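Chains as they are written, first to last, in the numbering used here: chain A, 1 to 408; chain B, 409 to 943.
Hints are computed from structural coordinates only; laboratory data are not their basis.
Remember, it's a predicted structure, so these values are computed and weren't measured experimentally.
There could be a bad hint or two in this list.
[Unchecked claim] Computed far set for chain A versus chain B, every beta-carbon distance over 12 angstroms:
(1) 253
(2) 331
(3) 376
[Said to hold, decoys possible] Pair by pair, the computed Cβ-Cβ distance ranges are:
(4) 486/B to 366/A: 15 to 25 angstroms
(5) 688/B to 186/A: 41 to 51 angstroms
(6) 155/A to 534/B: 50 to 60 angstroms
(7) 186/A to 589/B: 52 to 62 angstroms
(8) 160/A to 688/B: 55 to 65 angstroms
(9) 527/B to 332/A: 52 to 62 angstroms
(10) 409/B to 69/A: 16 to 26 angstroms
(11) 866/B to 155/A: 49 to 59 angstroms
(12) 150/A to 594/B: 44 to 54 angstroms
The beta carbon of each residue, even a glycine, is placed where N, CA and C say it ideally should be.
Spelled out, the chains give:
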Amino acid sequence: MTGERTLTRNFHRPDAHTLAAYRGTGGYTAWEKAQTMEPAAITEEVKKSNLRGLGGAGFPTGMKWSFIPKNHTGPVYLVINADEGEPGTFKDRYLLERDPHALIEGMLIAARAIRSAVGFVYIRGEYVEPWRRFSAAAREATDAGYLGRGFDVVVHRGAGAYICGEETGLISSLEGRKGWPKLKPPFPAIKGAFGAPTIVNNVETICHLPHIINRGAGWFASLGTKTQGGTRMYSVSGRVKRPGVYEASVAITLRQVIYDLAEGVTGNGRLKAVVPGGSSAAILRADEIDVTMDVDGLKNAGTMAGSAGVIVMDETVSIPEALMVVARFYAHESCGQCTPCRESTGWIYKITERIVEGRGRKEDLDTVLDVARRGAGTTICAFYDGAVGPYISYIEKFRDEFEALIPK
Amino acid sequence: MPKLTIDGKEIEVAPGTNLIEAARALDIEVPHYCYHPGLSVAGQCRLCMVDIEKAPRPTIACNTVATDGMVVWTQTERVLETRKSIMEFHLINHPLDCPVCDQAGECWLQIYYMKHGLYDPRMVDEKVHKPKAVPLGPHVILDAERCILCSRCVRFCDEVTATGELGIFDRGDRSEIGLFPGRELDNKYSGNVVDICPVGALTDRDFRFQVRVWYLDAAKSICPGCARGCNIEVHVNRRRPHHAQGRRVARLKPRFNAAVNKWWICDDGRYGFGFVDDGSRLRSPLQREGGQQLPVAWDEAIAGVAGALTAHPPAETGVIASPKMANEDLFALRRVLDRRGVTQVGFAVRPRVPGDEDKLLIRADKNPNTRGAELIGLGGDTAAILAAARARRIRCLWIFGHDLLDAGWPEAETRAALGAVETLIWSGTNANATSALARWVLPSAAWVERDGTFTNFEGRVQRFRAAVDQLGEALPDWEILGRVLTALGEPTLAARAEHWFRELGRSVPAFAGMTYQSIGDTGQMVGATREAARA
Numbered sequence: 001m002t003g004e005r006t007l008t009r010n011f012h013r014p015d016a017h018t019l020a021a022y023r024g025t026g027g028y029t030a031w032e033k034a035q036t037m038e039p040a041a042i043t044e045e046v047k048k049s050n051l052r053g054l055g056g057a058g059f060p061t062g063m064k065w066s067f068i069p070k071n072h073t074g075p076v077y078l079v080i081n082a083d084e085g086e087p088g089t090f091k092d093r094y095l096l097e098r099d100p101h102a103l104i105e106g107m108l109i110a111a112r113a114i115r116s117a118v119g120f121v122y123i124r125g126e127y128v129e130p131w132r133r134f135s136a137a138a139r140e141a142t143d144a145g146y147l148g149r150g151f152d153v154v155v156h157r158g159a160g161a162y163i164c165g166e167e168t169g170l171i172s173s174l175e176g177r178k179g180w181p182k183l184k185p186p187f188p189a190i191k192g193a194f195g196a197p198t199i200v201n202n203v204e205t206i207c208h209l210p211h212i213i214n215r216g217a218g219w220f221a222s223l224g225t226k227t228q229g230g231t232r233m234y235s236v237s238g239r240v241k242r243p244g245v246y247e248a249s250v251a252i253t254l255r256q257v258i259y260d261l262a263e264g265v266t267g268n269g270r271l272k273a274v275v276p277g278g279s280s281a282a283i284l285r286a287d288e289i290d291v292t293m294d295v296d297g298l299k300n301a302g303t304m305a306g307s308a309g310v311i312v313m314d315e316t317v318s319i320p321e322a323l324m325v326v327a328r329f330y331a332h333e334s335c336g337q338c339t340p341c342r343e344s345t346g347w348i349y350k351i352t353e354r355i356v357e358g359r360g361r362k363e364d365l366d367t368v369l370d371v372a373r374r375g376a377g378t379t380i381c382a383f384y385d386g387a388v389g390p391y392i393s394y395i396e397k398f399r400d401e402f403e404a405l406i407p408k
Numbered sequence: 409m410p411k412l413t414i415d416g417k418e419i420e421v422a423p424g425t426n427l428i429e430a431a432r433a434l435d436i437e438v439p440h441y442c443y444h445p446g447l448s449v450a451g452q453c454r455l456c457m458v459d460i461e462k463a464p465r466p467t468i469a470c471n472t473v474a475t476d477g478m479v480v481w482t483q484t485e486r487v488l489e490t491r492k493s494i495m496e497f498h499l500i501n502h503p504l505d506c507p508v509c510d511q512a513g514e515c516w517l518q519i520y521y522m523k524h525g526l527y528d529p530r531m532v533d534e535k536v537h538k539p540k541a542v543p544l545g546p547h548v549i550l551d552a553e554r555c556i557l558c559s560r561c562v563r564f565c566d567e568v569t570a571t572g573e574l575g576i577f578d579r580g581d582r583s584e585i586g587l588f589p590g591r592e593l594d595n596k597y598s599g600n601v602v603d604i605c606p607v608g609a610l611t612d613r614d615f616r617f618q619v620r621v622w623y624l625d626a627a628k629s630i631c632p633g634c635a636r637g638c639n640i641e642v643h644v645n646r647r648r649p650h651h652a653q654g655r656r657v658a659r660l661k662p663r664f665n666a667a668v669n670k671w672w673i674c675d676d677g678r679y680g681f682g683f684v685d686d687g688s689r690l691r692s693p694l695q696r697e698g699g700q701q702l703p704v705a706w707d708e709a710i711a712g713v714a715g716a717l718t719a720h721p722p723a724e725t726g727v728i729a730s731p732k733m734a735n736e737d738l739f740a741l742r743r744v745l746d747r748r749g750v751t752q753v754g755f756a757v758r759p760r761v762p763g764d765e766d767k768l769l770i771r772a773d774k775n776p777n778t779r780g781a782e783l784i785g786l787g788g789d790t791a792a793i794l795a796a797a798r799a800r801r802i803r804c805l806w807i808f809g810h811d812l813l814d815a816g817w818p819e820a821e822t823r824a825a826l827g828a829v830e831t832l833i834w835s836g837t838n839a840n841a842t843s844a845l846a847r848w849v850l851p852s853a854a855w856v857e858r859d860g861t862f863t864n865f866e867g868r869v870q871r872f873r874a875a876v877d878q879l880g881e882a883l884p885d886w887e888i889l890g891r892v893l894t895a896l897g898e899p900t901l902a903a904r905a906e907h908w909f910r911e912l913g914r915s916v917p918a919f920a921g922m923t924y925q926s927i928g929d930t931g932q933m934v935g936a937t938r939e940a941a942r943a
């Protein structure tokens, strides 16, 4: 049902993070093959595979690469986004800890495709063990001659800001600035880190590359839907019997994720709601879970695949309280650069808190909906749109529950 | 050159022009806070949204470069709605303390709320509180609650002065402007952050609480602080003089001139007008009687000065003019010298401390009209004049403005020279150690009290205009010199500075063809008219 596992195939091995174990299971053979391919051929293969970014935005990876100016001379940077900060998401952490060489091999392939000589790996500051494991693997790969011969890897640790997971916020932080997202245009592929063309890819996205090169775009594409290939890793948390990270096709349904992978709902056992793609994704009701988990499937359902952080809520969960917690997160993490996000995330948190405490006013819900709709799409980055997802969907889908808390 | 259409009107703009500037060229105002033409584009305030045909939603105009064939609408319903929303966002945590805010009356939150906001406030929760009345440096004070985090001040210190004192600290709605540890906002241009702050967050320690801005009148002027000649506005408080405790000039503000100072002025210039209402100002002519200088009527003083100039042969007469005098004054002086055949004249006095200079605006020459004094032919050897006075070859000496006892020459020698002179005449705005020695002291009007022109170091002739009345009986130097000329038997019809300037244009080739009208608000290069005539 869940198909073949590739990214997580070695996770059960205690020594999976070592070079020996990685090579023992076919590691670095894709890199051998990629070195015989023209850069453009690699990009073409990735395009055909329908690999889409797995950090949140779901942008086609091969197409992103092709935005690097063709006649560019001078440095091009590959940046790996390992700042996994989306609430409910914890997949990249496992890849860094348990299969760091897959990321290194993927980076080698991607770097060849975009002609980059330096790759940065921006690791979330709180990820200490992943950082240690990845750094050790990078040393092994250097000693073994994979790195340091035309491609070097620089590891950079974040300092604990969600916004540094946004690709241009990450670039600002990497450059030594405050982690503020940058205005687009110019897009990073034209002018990114340190002013050079830059491709920012998520850890998981890059880890797919060795398999795509070894087994072909057709194979990868066949694992998913018409518009998105492959498997992905679902981080399942909340009121489920077996929370954890599961690799499965992007074509499986949300129901399958909850009931097959995570073995069903705990708490009182009755599903109330689920957030399918990390906290920024719109919430779905229990009757809305027969949707496929690919980017377009969830988009059509009015939510998003995001980072595939599946947060499950049973009937004992208070949706207004859940929204308050989410609102507190966005108020805390807004970088403060753009006015709508800076000023209204805090305001909306105050309103949700007031409602939960029984001091709501009858106009509050419409105020939040109106403010969120007006602010959506007006900011530099997608952070605020990510906050608007829960603001609007929690209230629209569970309005009764909010109204019950507001004094008549 | 890209040609685009904004609100149905076509315009061609230089490549790289953004939509705010393109619209401005059509007199269409796109409201904005963070954008400033002298700074990099930040795109943070989100107010400058416009609709671009085929774009799915409104786009910020500041970061959109005009392209050929672009069709832009600045007044669509969704643009107006977006502006209203952005105004609401800006004001969610703003204290709305306009009645006690010094910015009231020139605050862009007030202006844009009335133009683009006018929503019913919905914020009923406790606002975020931040530090208030925080001194950032000698001239600037911060109210972080009023700040809209547009980052103009931060970018100014990063990009214009490259001093980097300011940053935005913390994040979300706790974000606030502040100083980096151990720093102070004490660069030589710090006052400009007050000008570019669109709200009441950064105010001027010198100006704040002096007067409500709607009581101010403004006159276009030129900063007299150095040879750059930065264009300024003099803001004066004539309508509520009792508010200012005798201080008539409320503040100086930079006035844009692309060729001279752009949007900026330095702090020395901005805060350098204190002498205008200082206690040392001379309010009437003085005559020395025994050990005392006593007030006399102008007629008496003019007669006395003319008498001295007549009594002493020209060879025994010397004049030290000032490069702080206007072209009109210098030309009137030229006439007086010619009338009497006086040839021993100079204007340059070595400063006690060499002036500082930088690459932005500040010039080492702290005089506004050195170039004018040279062109009008007053550039003799000042030190030689003093030496001649010491040797008693010069018996009558007229000094304009200088305090020669506070100059870069040995004080004892200067004192000996001044002591050896039989008739010492001194004219200027403020009494000093040199004026205290004079037999005749003639009170000059300060530059804000009169019209005139200065010629900056590049040869740009620029007008300054009277902003306040002359103090006491003080008169413009050209007027004093005109009266002396009349007393010397050469009556002048020049009743305004402008008349002297016309005569200057007729007599000195560098100024040929120039008029106050041709100089306009942005100045005119000397010789420009002649070259134009040749071409």
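Supplied distance hint 52 to 62 angstroms, evaluated on CB atoms of residue 186/A and residue 589/B: Check failed, 33 angstroms falls outside 52 to 62 angstroms.
Range agreement (Cβ of residue 69/A with Cβ of residue 409/B, hint 16 to 26 angstroms): holds (25 angstroms)
Residue 253/A remote from chain B - nearest C-beta pair above 12 angstroms: holds (30 angstroms)
Cβ separation of residue 160/A and residue 688/B, checked against the hinted range 55 to 65 angstroms: Once the Cβ atoms are compared, 59 angstroms apart, the range 55 to 65 angstroms for residue 688/B and residue 160/A holds.
Assertion that residue 376/A lies outside the chain B interface [Cβ separation over 12 angstroms]: violated (9 angstroms)
Cβ distance range 44 to 54 angstroms for residue 150/A and residue 594/B, holds or violated: holds (50 angstroms)
Consistency of beta-carbon spacing, residue 186/A to residue 688/B, with hint 41 to 51 angstroms: violated (57 angstroms)
Outcome for the supplied range 52 to 62 angstroms, where the beta carbon pair is residue 527/B and residue 332/A: violated (27 angstroms)
Whether residue 331/A stays farther than 12 angstroms from all C-beta atoms of chain B, as the label says: Contrary to the label, residue 331/A does not stay out of reach of chain B, its closest Cβ about 6 angstroms off (not over 12 angstroms).
Range hint compliance [Cβ, residue 486/B to residue 366/A, 15 to 25 angstroms]: holds (20 angstroms)
C-beta pair residue 866/B, residue 155/A: status relative to the range 49 to 59 angstroms that was hinted: holds (54 angstroms)
Outcome for the supplied range 50 to 60 angstroms, where the beta carbon pair is residue 155/A and residue 534/B: Hint violated: Cβ distance 43 angstroms, outside 50 to 60 angstroms.
Violation of the numbered hints given earlier is confined to hints 2, 3, 5, 6, 7, 9; the remaining hints are satisfied by the structure.
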